[in-house]
Every structure is written in C-alpha cells, then in structure tokens.
Amino acid sequence: MEQAADPRALQKRQETTWSVGVGFALLVAFFAVAPSFLYPVFLMQALCFALFACAFNLLIGYVGLLSFGHALFFGWASYLCAHAAKHWGLPPEAAVLFGTASAAVLGLVAGFLAIRRQGIYFAMITLALAQMMYFVALRAPFTGGEDGIQDVPRGRLFGLFDLSHEMTMYVFVLVTVLAGFLFIYRVINSPFGEVLKAIRENEPRAVSLGYKTERYKLVAFVLSATLAGLAGALKALVFQLASLTDVYWTMSGEVVLMTLVGGLGTVFGPVVGAFLIVALETYLAQLGEWVLVIQGAIFVLCVLVFRRGIVGELANILHVKL
Amino acid sequence: MFEIFGIPSQALFGQLLIGLINGSFYALLSLGLAVIFGMLNIINFTHGAQYMMGAFAAYLLLQYLGLNYWVALIVVPILIGASGIVVERLFLQYVRKLDQVYGLILTFGLALMIEGFFRNYFGSSGEPYQVPDLLQGGQNLGFMFLPNYRAWVIAFSLIVCFATWFAIEQTRFGSYLRAATENPTLVRAFGINVPRMVTLTYGFGVALAALAGVMAAPIYNVSPQMGSDVIIVVFAVVVIGGMGSILGAIVTGFVLGIVEGLTKVFYPEASDTVIFVIMVIVLLVRPAGLFGRSA
Chain A
0 MEQAADPRAL
10 QKRQETTWSV
20 GVGFALLVAF
30 FAVAPSFLYP
40 VFLMQALCFA
50 LFACAFNLLI
60 GYVGLLSFGH
70 ALFFGWASYL
80 CAHAAKHWGL
90 PPEAAVLFGT
100 ASAAVLGLVA
110 GFLAIRRQGI
120 YFAMITLALA
130 QMMYFVALRA
140 PFTGGEDGIQ
150 DVPRGRLFGL
160 FDLSHEMTMY
170 VFVLVTVLAG
180 FLFIYRVINS
190 PFGEVLKAIR
200 ENEPRAVSLG
210 YKTERYKLVA
220 FVLSATLAGL
230 AGALKALVFQ
240 LASLTDVYWT
250 MSGEVVLMTL
260 VGGLGTVFGP
270 VVGAFLIVAL
280 ETYLAQLGEW
290 VLVIQGAIFV
300 LCVLVFRRGI
310 VGELANILHV
320 KL
Chain B
0 MFEIFGIPSQ
10 ALFGQLLIGL
20 INGSFYALLS
30 LGLAVIFGML
40 NIINFTHGAQ
50 YMMGAFAAYL
60 LLQYLGLNYW
70 VALIVVPILI
80 GASGIVVERL
90 FLQYVRKLDQ
100 VYGLILTFGL
110 ALMIEGFFRN
120 YFGSSGEPYQ
130 VPDLLQGGQN
140 LGFMFLPNYR
150 AWVIAFSLIV
160 CFATWFAIEQ
170 TRFGSYLRAA
180 TENPTLVRAF
190 GINVPRMVTL
200 TYGFGVALAA
210 LAGVMAAPIY
220 NVSPQMGSDV
230 IIVVFAVVVI
240 GGMGSILGAI
250 VTGFVLGIVE
260 GLTKVFYPEA
270 SDTVIFVIMV
280 IVLLVRPAGL
290 FGRSA
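Protein chains in written order, with numbering that gives the first Met the number 0: chain A, 0 to 321; chain B, 0 to 294.
With the rest of the complex left out, here is chain A:
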C-alpha cells in the first residue's frame, strides 16, 4: 500500500505509533511490577482473557463481525491442550501449540459456515455453532463431563523451566500474551488489515474494488479463532483445569463484555476491559447471582451511553489513537 505518499497520512501514522508505543510501554511496565502487589494467578487469568478479548476484537473492531460463539475456540483449545498435557504427556509448549492449532481448524470450519450469511445472522450462527460444540463437549468421553479435565500438569517448558513455579509460569504467560498482542497489532496495521477495515466500512465497495472479501473475512476469522485458542490453552495450564464453563455461551458473552467495556476497535481496550471484568468477578464473587445482574447492567449502560468504551473515550479526549 502506498499511503505513505501522502504527508498527512504519514504524520498521522507516526502519531499513531507514538501513542501506541507509550501505551505498550505502560502495559509492559505494569505487568512487570504487578506481581509484587497482585496475585500471580489473578494476573495470569487477566492476561489470558486479555488475549482472548484482543482476538475477539480483531473481528468485531476491525472487520465489523460480531462473533457470539468465541467460547467455542477458547474452550475447545483449553480441553485439547489439557488432554494433550495430561493423557499424552506432551510438554507444555507442544500442548499449547496443539490446542491452538485445533482452534485454528475449528475456526476454519466455523468461519466458513458463518460468513455464508451477512449481518446479524453471523452472530446467531456463531452462537448456535458454539452451543452445538458445547453439547459435544458435554457428551464426549474425554472431556470428563461436569468434572472437566482436572490436575493438568504444567510440566517443564522446553524441558528447562519448571512451570509449577508461579513466577516462571507468569513470565511464560506474559511473554506469550504480549507476543499475541503484538501480532494482532501488526495484522491490523498491515495492508491486509487495511482491507479488513475497508470491509468493515463498506463491504460492497471493497468487493467492487476487486477484493475477495469472503476470503479476507475467513482469514481474519481463523486468525481470531487461533489466538482465542492460544488464550484458552494457556488458561488450561494456568488453572490446571479445562471445564464446561469455558465452552458455554456465558463465556462468549463475557468476552463481548470485556471488549465493549474497554472499547471496540481500540488497541488497548480489550486488555483494560479484560482486566476490569476479571477483577470485578474476583472481588464480587461472594455476591453470587448478582454478578449476572451487574454484568447485564454494564452491557446496557455501555450500549446506551458509553459505546466507545473506556479506552475509546480516553483516546477521544486526548485526540490520539490507543
């Protein structure tokens, strides 16, 4: 793409890089010092969900596709990683890769089906497919039904690092999630990403310019599913557990909530949203079913008065891209 030829575009691009760079430095700094005052398991959970939400945001924020079934990839990758680590005795890196790759395959199939319909049907199809795979997980013998797969061994990373140490695990999760985050940032700022945004803004026009939009949508869907799978696989190792909660529709709803609160189509929004929602659920857990009511209320508030999300509002006030 030759948008660099336009000086204004170039300037805008540099500004973008500047604010995102500062944001990223702050993010890394926060997660480097955070273990000294927050529980590592809580942080790792937040990081896994942050990656999950970023992957989801790749679709809703940059292609304009609302997937209401992302728990399918998150949950199934979590099951398959746990199974590979526990019953096949794979080392953690191989188990995570296996879970992630399975999510990519599932994403290819689900994406192929879902993009056959336009608009809001896409959301309903992804939700229905995820529910189907929930029932499969409920019935399949290897998933352990209501118990899930428990006591998943974390193992030794590359045969060197013992992940049963909380801090070693934390570093592994942090590095992986940051790599995923940077990968997504690279994708949305590539020529490919520009085409995705063009599809979001005006699909018929993108078609008329000769882009095979279906293929772009499918590739974006597979990328999103793969990264959601990576997040799920990591979560299975962090909690040493894969369970039905991770494939249920409530999980698909949660990732929508995280991204919406943080800001749809912002770079850092999903991370901030994931962190806040995980914190909310951790500290309000004793309220029982009221958490559901609170989550619902946040959804309603966000849609009615706060559609840009926290990071989106911040970026708007500061006139920068975040």
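Hints are computed from structural coordinates only; laboratory data are not their basis. Idealized CB from N, CA, C, for every residue including glycine. Treat the hints with care, since some could be wrong.
[As the list claims (entries may be wrong)] Far from chain B, some chain A residues (derived; all Cβ distances over 12 Å):
{"no.": "1", "residue": "A109"}
{"no.": "2", "residue": "A127"}
{"no.": "3", "residue": "S163"}
{"no.": "4", "residue": "L173"}
{"no.": "5", "residue": "V186"}
{"no.": "6", "residue": "P190"}
{"no.": "7", "residue": "S207"}
{"no.": "8", "residue": "T244"}
{"no.": "9", "residue": "Y282"}
[Unchecked claim] Stretches of chain A that chain B covers, calculated by requiring three or more beta carbons in the stretch to come under 8 Å of a beta carbon on chain B:
{"no.": "10", "segment": "28-34"}
{"no.": "11", "segment": "89-97"}
{"no.": "12", "segment": "115-125"}
{"no.": "13", "segment": "248-260"}
[Said to hold, decoys possible] Restricting the straight-line Cα-Cα distance to at most 30 Å, the calculated cross-link-like pairs of lysine-lysine (DSSO-like) are:
{"no.": "14", "chain 1": "B", "residue 1": "K263", "chain 2": "A", "residue 2": "K320"}
{"no.": "15", "chain 1": "A", "residue 1": "K211", "chain 2": "A", "residue 2": "K85"}
{"no.": "16", "chain 1": "A", "residue 1": "K211", "chain 2": "B", "residue 2": "K263"}
{"no.": "17", "chain 1": "B", "residue 1": "K96", "chain 2": "A", "residue 2": "K196"}
{"no.": "18", "chain 1": "A", "residue 1": "K211", "chain 2": "A", "residue 2": "K196"}
{"no.": "19", "chain 1": "A", "residue 1": "K196", "chain 2": "A", "residue 2": "K320"}
Take the given structure of chain A and dock chain B to it, following the hints.
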C-alpha cells in the same frame, strides 16, 4: 402394541408428541423474533428471558393470588407485553438506528439481568406448575396415550400462530405494519404513527413469548434458565427458516421440533445437537435459509 422400524409405537409416537410440543414453542418464539426483527431491526435476545418471565408470572399468580391457568393465559401476556413496551421506550428506541450489533448486545444484557434477578429469588432448581383441572388426564388413541394438556398446547399454539399470520398478512393493520417494515419514512408521510406502531409491535412480540411461557409452565419446570436454554435453539431455527416469511417461521419451528423428537427415538445422543447440524447443512446447501430472501 406394534413396532415401526424396531421401535415400539408407544415410544415413537410419544417422542413425536414431545417433538410437536417443542416445535410449538419454537414456532411461537421464532414467530415473535421475526415480527420484532422486521419492525425494529433488532434481534431480541431478551426473548428467552421474556418467555421465562411468562412462565414465572403464571406460577406467581397461582401461588400468591390464586389465579388459575386460564386467567394467566390472558393476564400474563398483557402484563409481560406491557413490560416489553416499557423496555422499548426506555432502551430499544435508542439503538434501533445503530448497527444491529448493538441491539443484540443490549438485549443480551437485559436477558442477563432478568435471569440473574430470577435466580437470586428462586434459585436455579425450578418450580413445578400443575396442569389445569380441565385438562387433566388424557385419551387412549389405541396406538398411544395422548395427554389432554399436550393436545391443547399443540392446538392452541397452531391457532395463535395462524391468527398472527392472518393479522399480519390479511388485515389492514397488518398491511400498515408490512409497509412500515419496508419504508417507514413513506408510511409516516401518510400520517401513520410509525414509532407507536414499533412500540406496539415489540409489545406484541414479547406478549407472544410470554404466552408461550404460560403454556410451557405445566410441561417443563418453571426455572430461571429455561429461557436461555431455548433461545439459542430458536436462533438456529431462525437461521434455518430465514426471517423473511411469517409462515416460514411457523413451519420451520414445527418441523424442527418433530425432527428433534424423532432423533430422540433413533439416535438419542444427537438429540441436543440435531437442530444445529441441520443449520449447518442448510448453510451449506441454501445459505439464505429455507424461506429467506437473500440477506
């Protein structure tokens, strides 16, 4: 007693009946979704929660006010429909013009709130609701036993479905509705109060869900999660049928219920997933849906 494909007729017809019952609810609910979508351009995720509220309202009326099933059948749709009108005025009117995604997310949030609220007060175990006295017992048809209440549900939901179809396709008010779906600005120019019509349509769609809830109360347990269980299946039904046609929504609902019932007889392991599998096949073969206009 005889057998068909090695299955005792009793079991076969029994499951077929359950399939028809489920199909009645799928038809009523997808009909409401289609009517609301046509007018408001919103996929009403709250539909399942409103169905659940209908069942709970019937239960509460009986428990605390001693009002029986027949009263509930009339009062509950009016009450819950009115609550739907409030929801439309308070929330939905502000998101109709936005991307459809926001309507779905907003109604999803409302559904969570309602379900969480009911779980707080009633737990998740569920409450039984008595079959009304008039419809106790059943008929022995020779090849199967037909409980009166189930026969009533099937007959009554067919009547409601076709009355709705008639009202929309064959009456003057229905023609305004269809016209306003196509071109609201022009219909407004003719002096018809379209925003009010939108509000009433939503109220009507919600009332249909509540009616289905009252009818479901004696069959299933009245529980807070009964709505979220059914709404996702109804979404698949809507994807299969397409929302372009009222009659299509009704037929698809009943047929899929029957297919689901038959699956329970021949291959019970797949009974939870069969509707989703059919959705996948339909997407492969006829992406626009069975009755859908290309959308």
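Hints, verified against the model:
1. A109: 10 Å, violated
2. A127: Check fails; 4 Å does not lie beyond 12 Å.
3. S163: 36 Å, holds
4. L173: Holds, because the least Cβ-Cβ distance between A/L173 and chain B comes to about 30 Å, which exceeds 12 Å.
5. V186: 21 Å, holds
6. P190: 25 Å, holds
7. S207: 18 Å, holds
8. T244: Its Cβ never comes within 12 Å of chain B, the nearest being 14 Å, so this holds.
9. Y282: Answer for A/Y282: holds, closest chain B Cβ roughly 17 Å.
10. 28-34: Coverage by chain B is violated here, the residue count being 0 at a Cβ distance below 8 Å.
11. 89-97: violated (count 0)
12. 115-125: holds (count 9)
13. 248-260: holds (count 4)
14. B/K263 - A/K320: 54 Å, violated
15. A/K211 - A/K85: Violated, at roughly 42 Å.
16. A/K211 - B/K263: The hint is violated at about 42 Å.
17. B/K96 - A/K196: At roughly 21 Å apart (the allowed maximum being 30 Å), A/K196 and B/K96 satisfy the hint.
18. A/K211 - A/K196: 14 Å, holds
19. A/K196 - A/K320: Holds: A/K196 and A/K320 sit about 15 Å apart, inside 30 Å.
In the structure shown, a violation is registered for the earlier hints numbered 1, 2, 10, 11, 14, 15, 16, in ascending order.
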